[in-house]
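Novice: Please put together the full structure from these sequences, using the hints given.
These are the residues of each chain, in order.
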Amino acid sequence: MFLGRVVGRLWASRQAAGLAGRKLLLVRPETAAGGEAARLVVAVDGLAAGPGDRVIVAHGSRVRDLTVGVDVADKDIVIGIVDGHHLDAGGADSVGSVDRRR
Amino acid sequence: MILARVIGEVWATRRDPRLARAKLLVVRPHAIYEPAFATRHLVATDDVDAGVGDDVVICLGAPARASLGSDDTPVDAAVLGVVDRVELSAEAQTAPGAAPGIRRALGVPDGAGHARGEPASSARRGPSGEGSGTL
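Residue numbers (our numbering), protein chains in the order written: chain A, 1 to 102; chain W, 1 to 135.
Since the hints were derived computationally from the structure, they do not count as laboratory data.
Note that the Cβ used here is the ideal one computed from N, Cα and C, for glycine as well.
Careful: at least some of the hints might be erroneous.
Said to hold, decoys possible - Here are some, though not all, of the chain W residues that point toward chain A, as calculated from beta-carbon distances under 10 Å: (1) Ile-7; (2) Glu-9; (3) Val-43; (4) Ala-44.
Specialist: In structure tokens form, the structure reads like this:
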């Protein structure tokens with residue numbers, strides 16, 4: 001799983017049947033130092049998350065089967081909405097706060 | 001499996017009900033895995049009572065679910081063990097990207113050109129300001 005922030009929603013009028021009726025969220029993964037990754041992930045909302053929420057996203061077909069159903073065409077699923085988290089300052093520093101991929 | 005350091009905890013009231021009892025940790029995979037983890041962190045369930053500052057072994061996927069007792073928990077990463085000691089070859093210790101935190105926290109003898117050894121007694125809660133840079 002990873003931590004990310006919901007930065008928006010996504011709608012598509014033409015889409016695969018496996019996405020019909022599913023709420024799609026744009027999630028920007030966080031780096032461990034509290035920064036943000038460069039790429040976005042489109043995740044299916046298994047709870048009731050919305051823009052601005054910090055969420056936990058899990059990946060995989062089994063996770064999908066257990067949460068939103070076997071017929072969904074996405075393997076990134078929001079499984080938790082974060083109330084708070086504590087990061088050890090030293091540990092976070094040593095992750096490298098600069099994302100070199102940007 | 002992946003060697004990682006626990007750097008934090010996460011709390012989430014609204015979560016999948018099958019995760020209700022799971023403790024969630026934020027872990028940082030050691031530098032040797034860095035290219036594979038764009039987020040530089042993972043959230044993993046913890047069944048072995050690891051704490052912030054511990055080096056741990058993580059596994060991903062189906063084995064992670066199996067470690068929780070069944071395959072019916074929607075998670076993809078779990079802490080399987082807390083690392084007591086790691087031995088690295090001199091070559092591995094001095095290679096760019098080698099996990100500096102492992103040497104520091106676990107008191108493995110320093111390789112050439114490194115002077116970061118600390119007594120093992122301070123291993124569990126290492127001070128900040130160490131082990132930085134290679135990521």
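Novice: Looking back at the hints listed earlier, which ones does the structure fail to meet?
Specialist: none
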